[in-house]
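K.L.:
Given only the sequences and the hints, what does the whole structure look like? Please build it.
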Amino acid sequence: DAKTTQPPSMDCAEGRAANLPCNHSTISGNEYVYWYRQIHSQGPQYIIHGLKNNETNEMASLIITEDRKSSTLILPHATLRDTAVYYCIVRVSQHNAGNNRKLIWGLGTSLAVNP
Amino acid sequence: GAVVSQHPSWVICKSGTSVKIECRSLDFQATTMFWYRQFPKQSLMLMATSNEGSKATYEQGVEKDKFLINHASLTLSTLTVTSAHPEDSSFYICSATPRAGGKLFFGSGTQLSVL
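If you read the sequences in order, they're chains A and B. According to the working numbering, the first sequence is numbered sequentially starting from 1. According to the working numbering, the second sequence is numbered sequentially starting from 1.
Be aware that a few hints might be false.
[Unchecked claim] If you want the ones that stay clear, here's a sample from chain A, every Cβ over 10 Å from chain B, calculated:
| no. | residue |
| --- | --- |
| 1 | D11 |
| 2 | G15 |
| 3 | R16 |
| 4 | N19 |
| 5 | E31 |
| 6 | S61 |
| 7 | T72 |
| 8 | N96 |
| 9 | N100 |
| 10 | L103 |
| 11 | L107 |
[To be verified] Sample of chain B residues facing chain A (criterion: CB under 10 Å; computed from the structure):
| no. | residue |
| --- | --- |
| 12 | Q6 |
| 13 | S9 |
| 14 | W10 |
| 15 | V11 |
| 16 | C13 |
| 17 | K14 |
| 18 | S90 |
| 19 | C94 |
| 20 | T97 |
| 21 | F106 |
| 22 | S108 |
Hints listed in this document are in silico derivations from the structure and should not be mistaken for laboratory results. Note that beta-carbon positions come from the ideal geometry of N, C-alpha and C, so glycine has one too.
P.N.:
Structure follows, in structure tokens:
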């Protein structure tokens, strides 16, 4: 079973903030929360990751609850190019073959940014 | 950031022929690369782990004689779909990480259509 739960789809108006939730109630202490997105017919793209503190980069912000059981990815000013499937994944920090085999991608959230 | 190049982007072939897909890490060395398959509206499924200089590790249910993987150098892994059939039509994606603990970078994917 997937270790994360995301809504299957969301809509957002262009220029507004898009807030994508993710539940990961069984996350372990050494697991990070990673977010990727996949634009149609392309490979996934890394967005952001965090352990317990909120994180921000040029693409997005990541808000992780204090109990770490859920998080929210925030796209502050969504554009049409942000229309994609967004994946929330939990994994340990050290990325090796064994850890990658354990990754469960799930179906993600299909975000539609509307003009 | 690190770049993974995948070629070709799409390929159409006749049933019974073989198709080779290349995955290159352009600005880093990757001792391990990963191959995924994605059917329409489904998530990424790991097919195999490609190890430089040794045999690939295949996931359960993936035929190693049908999906040949060669990782001859630290920057190149190839996936050959042998004797392709229409049910092999899918989106194939490779990924690599520059080092243990780093982010996972993905190729742009290859859409295979077998007629």
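K.L.:
The structure should be examined with respect to each hint, and the outcome stated for every one.
P.N.:
Results of checking the hints against the structure:
1. D11: Answer for D11/A: holds, closest chain B Cβ roughly 18 Å.
2. G15: holds (27 Å)
3. R16: Holds, because the least Cβ-Cβ distance between R16/A and chain B comes to about 26 Å, which exceeds 10 Å.
4. N19: holds (22 Å)
5. E31: holds (13 Å)
6. S61: Given a closest Cβ separation of 17 Å, the condition holds.
7. T72: At roughly 20 Å from the nearest Cβ of chain B, T72/A sits farther out than 10 Å, so the non-interface label holds.
8. N96: The claim breaks: N96/A does not keep its Cβ more than 10 Å from every Cβ of chain B (closest is about 5 Å).
9. N100: Violated, because the least Cβ-Cβ distance between N100/A and chain B comes to about 6 Å, which does not exceed 10 Å.
10. L103: Given that some Cβ of chain B is not farther than 10 Å from that of L103/A, nearest at about 7 Å, it is violated.
11. L107: For L107/A, whose nearest Cβ neighbour in chain B is about 5 Å away, the distance does not exceed 10 Å, so it is violated.
12. Q6: holds (7 Å)
13. S9: holds (9 Å)
14. W10: OK, holds: W10/B within 10 Å of chain A, min 9 Å.
15. V11: Violated. Min distance 13 Å.
16. C13: violated (18 Å)
17. K14: Violated, about 22 Å.
18. S90: violated (12 Å)
19. C94: holds (8 Å)
20. T97: holds (5 Å)
21. F106: holds (3 Å)
22. S108: holds (5 Å)
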